[in-house]
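Student: Residue strings, one per chain:
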Amino acid sequence: MAETKDIQKKRETQMQRGVEPTQQGRVFLPPTDIRETNESIVLTADMPGVKVDCVNVTLENDVLTVRGTVAEEHRSDPGAAYAEYEVGNYQRSFALSDEIDRDKIDARMNNGVLTLTLPKTRPSQKRIEVKAG
Amino acid sequence: MNGFGWQGWWNPWQRLREMEREMSRLFGDVASPVGATFPPVNVYTDNEGATVTAELPGVEPKDLDISVRDRTLVLRGERKAPEGADDERWLRRERAFGQFTRSVDLPFAVDADKVEASCRDGVLKVQLQRSEADKPKQITVQS
Numbered sequence: 007m008a009e010t011k012d013i014q015k016k017r018e019t020q021m022q023r024g025v026e027p028t029q030q031g032r033v034f035l036p037p038t039d040i041r042e043t044n045e046s047i048v049l050t051a052d053m054p055g056v057k058v059d060c061v062n063v064t065l066e067n068d069v070l071t072v073r074g075t076v077a078e079e080h081r082s083d084p085g086a087a088y089a090e091y092e093v094g095n096y097q098r099s100f101a102l103s104d105e106i107d108r109d110k111i112d113a114r115m116n117n118g119v120l121t122l123t124l125p126k127t128r129p130s131q132k133r134i135e136v137k138a139g
Numbered sequence: 061m062n063g064f065g066w067q068g069w070w071n072p073w074q075r076l077r078e079m080e081r082e083m084s085r086l087f088g089d090v091a092s093p094v095g096a097t098f099p100p101v102n103v104y105t106d107n108e109g110a111t112v113t114a115e116l117p118g119v120e121p122k123d124l125d126i127s128v129r130d131r132t133l134v135l136r137g138e139r140k141a142p143e144g145a146d147d148e149r150w151l152r153r154e155r156a157f158g159q160f161t162r163s164v165d166l167p168f169a170v171d172a173d174k175v176e177a178s179c180r181d182g183v184l185k186v187q188l189q190r191s192e193a194d195k196p197k198q199i200t201v202q203s
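Heads up: the sequence lines are chains Y and A, in that order. Position 87 of the first sequence, counting from 1, maps to 93 under the numbering used here, and the rest follow consecutively. Position 45 of the second sequence, counting from 1, maps to 105 under the numbering used here, and the rest follow consecutively.
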């Protein structure tokens with residue numbers, strides 16, 4: 007259990023080479039759970055300090071990107087006597103393998119947690135059987 | 061330099077570990093799945109008091125219990141796991157759930173009656189005022 011005593015450092019988002027965020031400061035990867043059912047994929051991401059209107063979700067070429075901007079009131083001033091976490095914006099991208107019904111994506115923000123429900127399209131996709139030999 | 065001289069004894073990392081061990085001993089080590097350092101906290105201090113912020117995404121304010129005694133702030137609560145569907149399977153699991161107890165050692169005694177806490181967007185902010193008896197007395201040097 008010794009390792010759990012250590013502070014979980016936020017992981018930083020790896021930006022595409024040569025691409026920098028317009029806003030100064032660090033950008034973090036929100037810790038994310040992804041669950042799948044037959045009907046949908048549910049993605050839950052922790053983005054504390056992000057208000058509902060500061061979340062941006064895009065789906066482009068099967069790449070889902072989640073961005074969150076931390077509200078000014080939650081930005082820490084640099085003079086902390088003791089600091090365990092850093093405040094920064096969030097960004098993370100996922101490659102989706104299933105066909106997603108783009109029009110029915112549901113996004114909710116509650117207590118700093120983003121929940122995205124991505125319904126799968128009905129089996130229009132063709133499954134190719136792999137034969138032995 | 062703020063003249064209190066508490067930075068010397070207040071090695072935050074060491075003190076915090078000590079406090080956590082003590083809390084675990086008192087409350088029984090619940091082996092919280094969220095980890096002993098959930099939620100992470102930041103502490104800001106000035107002459108009048110301290111502000112403690114903590115990142116608690118997904119914790120409902122009603123599931124949070126805040127208590128203050130002398131120079132220790134204790135945050136207890138539960139981060140509830142979402143209800144899942146029967147046929148679901150996990151593709152990625154990075155978030156932890158469960159009960160947590162976190163104690164924060166403050167550099168001075170605080171007035172337990174003047175604690176204000178707010179929780180917005182998954183960020184808790186607790187404002188504590190230094191107790192009057194604990195405030196340093198300004199001594200004027202006479203020429």
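Keep in mind that a hint or two might mislead.
[What the hints assert, rightly or not] Here's a subset of chain A near chain Y, in silico, CB distances under 10 angstroms, partners left out:
(1) Y104
(2) E108
(3) A114
(4) L116
(5) E138
(6) P142
(7) T161
(8) V164
(9) D173
(10) G182
(11) S191
(12) D194
(13) K195
(14) V201
Don't read these hints as lab results, they were simulated from the structure. Predicted model only: the values in this text are computed from it and were never measured. We put the CB at the ideal spot given by N, CA and C, even for glycine.
Student: Look at each hint and say if it fits the structure.
Tutor: Status of each hint after checking the structure:
1. Y104: holds (5 angstroms)
2. E108: Nearest chain Y Cβ about 14 angstroms off; hint violated.
3. A114: Interface hint status for A114/A: holds (8 angstroms vs cutoff 10 angstroms).
4. L116: It holds, given that the least Cβ distance between L116/A and chain Y is near 7 angstroms, below 10 angstroms.
5. E138: violated (13 angstroms)
6. P142: holds (7 angstroms)
7. T161: Violated. Min distance 13 angstroms.
8. V164: Because about 8 angstroms separates V164/A from the closest Cβ in chain Y, which is inside the 10 angstroms limit, the hint holds.
9. D173: Hint on D173/A: violated, closest Cβ of chain Y at ~23 angstroms, above 10 angstroms.
10. G182: holds (2 angstroms)
11. S191: violated (18 angstroms)
12. D194: With a closest approach of 16 angstroms, the D194/A hint is violated.
13. K195: violated (17 angstroms)
14. V201: At about 28 angstroms, which exceeds the 10 angstroms cut-off, the nearest Cβ of chain Y leaves the hint on V201/A violated.
Consistency note: the structure conflicts with the earlier hints numbered 2, 5, 7, 9, 11, 12, 13 and 14.
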